[in-house]
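Protein chains: 4
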Amino acid sequence: MRLGMIGLGRMGANLVRRLVDGGHECVVYDHNTEAVAALAAEPNTTGVASLTELAAELSGPRVVWVMVPAGDITTGVIEELAGVLAAGDIVIDGGNSYYRDDIKHAKILSDKGIRLLDCGTSGGVWGRERGYCLMIGGDRPAFDQAEPIFATVAPGVDAAPRTPGRAGEISQAENGYLYCGPTGAGHFVKMVHNGIEYGMMASIAEGLNILHHADIGTHNQQGDAETAPLANPEFYRYDIDVAQVAEVWRRGSVIGSWLLDLTAGALQKSPDLEEFAGRVSDSGEGRWTVIAAIDEGVPAPVLTTALYSRFDSRQLFAFGAKVLSAMRKQFGGHDEKPG
Amino acid sequence: MRLGMIGLGRMGANLVRRLVDGGHECVVYDHNTEAVAALAAEPNTTGVASLTELAAELSGPRVVWVMVPAGDITTGVIEELAGVLAAGDIVIDGGNSYYRDDIKHAKILSDKGIRLLDCGTSGGVWGRERGYCLMIGGDRPAFDQAEPIFATVAPGVDAAPRTPGRAGEISQAENGYLYCGPTGAGHFVKMVHNGIEYGMMASIAEGLNILHHADIGTHNQQGDAETAPLANPEFYRYDIDVAQVAEVWRRGSVIGSWLLDLTAGALQKSPDLEEFAGRVSDSGEGRWTVIAAIDEGVPAPVLTTALYSRFDSRQLFAFGAKVLSAMRKQFGGHDEKPG
Amino acid sequence: MRLGMIGLGRMGANLVRRLVDGGHECVVYDHNTEAVAALAAEPNTTGVASLTELAAELSGPRVVWVMVPAGDITTGVIEELAGVLAAGDIVIDGGNSYYRDDIKHAKILSDKGIRLLDCGTSGGVWGRERGYCLMIGGDRPAFDQAEPIFATVAPGVDAAPRTPGRAGEISQAENGYLYCGPTGAGHFVKMVHNGIEYGMMASIAEGLNILHHADIGTHNQQGDAETAPLANPEFYRYDIDVAQVAEVWRRGSVIGSWLLDLTAGALQKSPDLEEFAGRVSDSGEGRWTVIAAIDEGVPAPVLTTALYSRFDSRQLFAFGAKVLSAMRKQFGGHDEKPG
Amino acid sequence: MRLGMIGLGRMGANLVRRLVDGGHECVVYDHNTEAVAALAAEPNTTGVASLTELAAELSGPRVVWVMVPAGDITTGVIEELAGVLAAGDIVIDGGNSYYRDDIKHAKILSDKGIRLLDCGTSGGVWGRERGYCLMIGGDRPAFDQAEPIFATVAPGVDAAPRTPGRAGEISQAENGYLYCGPTGAGHFVKMVHNGIEYGMMASIAEGLNILHHADIGTHNQQGDAETAPLANPEFYRYDIDVAQVAEVWRRGSVIGSWLLDLTAGALQKSPDLEEFAGRVSDSGEGRWTVIAAIDEGVPAPVLTTALYSRFDSRQLFAFGAKVLSAMRKQFGGHDEKPG
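The listed protein sequences derive, respectively, from chains A, B, C and D.
According to our numbering, the stretch in the first sequence is residues 3 to 341, in order.
According to our numbering, the stretch in the second sequence is residues 3 to 341, in order.
According to our numbering, the stretch in the third sequence is residues 3 to 341, in order.
According to our numbering, the stretch in the fourth sequence is residues 3 to 341, in order.
Since the hints were made in silico from the structure, they are not lab data.
One or more of the hints may lead you astray.
Per the computed footprint, the stretches of chain B lying under chain C, defined by three or more beta-carbons under 8 Å from a beta-carbon of chain C, are [to be verified]:
{"id": "1", "stretch": "10 to 18"}
{"id": "2", "stretch": "40 to 50"}
{"id": "3", "stretch": "70 to 77"}
{"id": "4", "stretch": "196 to 204"}
{"id": "5", "stretch": "232 to 238"}
{"id": "6", "stretch": "317 to 331"}
Remember, it's a predicted structure, so these values are computed and weren't measured experimentally.
Glycine included, each C-beta is placed from N, C-alpha and C at the ideal position.
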């Protein structure tokens, strides 16, 4: 197929390349004209200077993939597309939009007869090579029309052994893409995916942190009336090579996972990770997952705690911690220990 | 009664004064001879220079209250007392000993016929005036003999209105002291008391921290592809006077509590608490409470989370946070944001 | 003052009585005409059959206190009041409205020149006697006009000793009511108050649960390859009288609090609480507090965990728990243990 | 090599088969004589009826792998082996022993000159086919002598692509086994591995539970003064096919993992998992991991919360939840809602 791609950052550019490798043609646009020029130099890729031009380069029903930052920027592109596309056209939002925004965006587009597919896209910087896992919501007939695109972008069934019990024809999900339901369903599933990601990442990080401190009994530890001494120093005399542990867990263990593979890679390069300060960002989906859990009234303590670890890493409890120290001073006369 | 007091720090010295005010006589010892001399200048208080001398100043069955730091120091005193006291004597450990150590200490003493009472003592620097809440374990007849001491040290029934439904004779618990069971039971209950204390403190601190940040929508907030922007700035434009809020909650609210009183006092003195760095110590009982929950197989997520907040405040997740940043860099190419 | 009260449930009726006791006159309305008739039989209380009638019974600037369930019902009353009141009048929403709804309600009213005060009201069924703690937001001049009402409803300074360091004139906060800021500020502070309440309640409940299970070492415990045996049965042989412990903590301890008083009262009546099933409801503020923490990007793990405990108590993780059992079966061949 | 295997359960029997497939000979013992007879019918496998006989069938330095339940049973076997083996022999404890027990066991054996290797073994029922991930501690020369055994049992380097940056000779860790340090180090690392496993499992389970409830807006939801109504029913109208979602995430997504593969398998067989009650066992390592975190003073909120979810699934907070309901009844007059 011939389709448009708006947004040529890390994700967008690699999607174009994977699509072209898979036999599609791409008309590409970015507000950064250099990015357009660079990508347009590759085969079967046409650069354009505006969305109007992009619309003109495609024929109906047009398919346009939007891959720009979520929030106001995505909304702006959707509004502009509502002006240049025509009834029957299809817009795919492959970014990290909040699923509630999808509902607003679908309305803007459907007023013109244009159909929105919200497409959660996982795979990060490795997606060009590994393929992207796609979770799609929106208009079902539009999905069916655009399916060849998703089939190309997704990893395909060979990326993992078949699940025992599955037989016969390969399903969508086994190819690495899935129609999840009406507008927002794709980004809803992607949101929860990222919530799980936060929890799995924190699980690994907490475990490695415990191993990293397993030699604490060999340090000089002194308690006093206000500080808990190390309970059993004789049990904490291990000098664990955390990088080697991450590596050994990659084969045969229950916690084998892509995140562990990446962790092993990072520790292989830099066993003490001294190039990181440990200020961990969060990009929205973890927060939205927690809000969904609370709205639904279901507990998600692990995912929530993982999110809060990130807030903590950015010192966002500083005032609260001062309140705790102030209370201890009040009732016990305890001064803070120096750092 | 005439009794001995070992350890004349903040807690021990005030216990002596409260006991003397209540009509008892105290023989006092500390390894710091100046502390002994200072207290011995007060009425009905005799200073001694050794535990042998202390034993000689008391007549059987002797009662000796030990108020020294938990751990090795308490064990040392117990061992020394086993050498100078006689069968039938009573040792009260009023410090923050781990209840499992009580079992060891009781054995050391009972080999000589000496009886141990483990006595969890709550009240902090305010106890002389308010009285101390006492949770006592150990030999029941020894408790009965020492009860007049506990009755004096405790706040007495007037410290709070009677619980609806309680009538007739005032019980031990209503006077502010309680025999909880065999050796260790007193410190076990005190341990859980402190675990609850951690949870209540963290509840107040988290709530005030949320209020402190309620004006976040008035600050310039900029998200990008890797950072969640503030979702609804229009809902976070409140400049809350946290000190006044703590004060208003003291009267009539559901969360009225002594900890809130102290918080209001601290914020009254220093609304921004800038004299604190927010490095919150923990003194053992919180940890032991969690270990008890885990051994029992019962969930204690709130108390545990409160404990972990303190560890976090001391930057003890630093390596784990770096692991998280390293993973994000690996899969998403995300660089850390500057602080 | 003469004011209107809409909503004569537990809270509204008691507010009327406290106001009348304090020298005010009340015009009362409820959709339940029996409730109106009953209350109108009390002194200085006039019953009406409609909001129009209520408006007619008051003279400008009228003050009307709304005490009905939050959400659609409150919005309905606000809309109706916008039709019957006049410019300059004051509406006090004393219910548990979400502070974001206040902003909508204030708009509905201000279009007619009517002013809204949002008033978080804490005190529960005990408020008539103890007074209510009031957290107020909205139009400042309206607050100043209505202040005599708040002063009567609040507990007054004598409800607690003055905070050390406070001297001179008694402040609003010390009287138990506080103007917190523009529209929504009052319910925002009340929301966080309830979030803290959840955390403090859970702290007490978890601690008492640990005490309740302190005899687990006396039960027959059998581990197998898939079940952790009790680690140290010798340390868990205490048969703690939880009701007495709650009582003893009421005097002199660090965790003394109104919630503990109430807990002691409940356990005094029913030490095993067998009349409760342990299905704990939540009424919105705990959820909103967590959402505020997440929007602000500040960690609130204790308050959140306390909320999730309630969800858990209603079996809302059932499917997730099945997923866990299913995974264990898959990788370890572990069958579930019978209950 | 020719080695002994004690314990022919699921794990032990499959280890024997994998060892024999890899060219070793096994002398096998179990207290269940039928298990011995069955396995001894397989090639290069000799059954024996006692540990004395087992010792006689091997020549020095003997190597004996113990694969029996952790705790008293393992200790019993270790003690018996101390009586029948000789100086220089090697015992491998491949079970789930607590690393602190290893230290006791090593002492029992070293008094006779026998050396202990503690070997954490991950892989579950799939290990015969996939190989087992091995984390080994203890005497280093003993490890070097036994290494051919570990090399056979482990998955080997081909089980996963090499980590980028690793080149040259294949390391131990890349083959799937690792010498981690002195006695206990292997089981310490395995313990933390299982702690991480709990966290990852809970992350997936919580996420799927949120998806499972994503249609809550289509149910009739009624709030009242004591129950939070569903905030935004229009955002929760998705009927997600959870089994398909688990499948699609297996390819290309960030959360791809063996646990997800197993989850997809379980949901493929039984989308509603109705054969499970959701009572999730725990087998010790999760608890020990948390105790290690607390002893070290490092936060592990995600791993701990995951553990508590399991306790909760077994209704171990029942009394605490009743306390919460009792408090609500006390301060708000709230009755429990029926289930």
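Three residues minimum, CB to CB under 8 Å: does the stretch 40 to 50 of chain B make the cut for coverage by chain C? Let me know.
violated (count 0)
The stretch 317 to 331 of chain B covered by chain C? Criterion: 3 or more residues, Cβ-Cβ distance below 8 Å.
Check failed, 0 qualifying residues.
Stated coverage of the stretch 232 to 238 of chain B by chain C [criterion: 3+ residues, CB within 8 Å]:
holds (count 6)
According to a criterion of three or more residues whose C-beta lies within less than 8 Å of a C-beta of chain C, is the stretch 10 to 18 of chain B covered?
violated (count 0)
Please count how many residues of the stretch 70 to 77 of chain B have a CB within 8 Å of a CB from chain C and say whether that reaches 3.
violated (count 0)
Apply the coverage criterion to the stretch 196 to 204 of chain B and chain C: a residue qualifies when its Cβ sits closer than 8 Å to a Cβ of the chain, and three qualifying residues are needed.
With 8 residues in contact (Cβ-Cβ under 8 Å with chain C), the coverage given for the stretch 196 to 204 of chain B holds.
The earlier numbered hints that this structure contradicts are 1, 2, 3 and 6.
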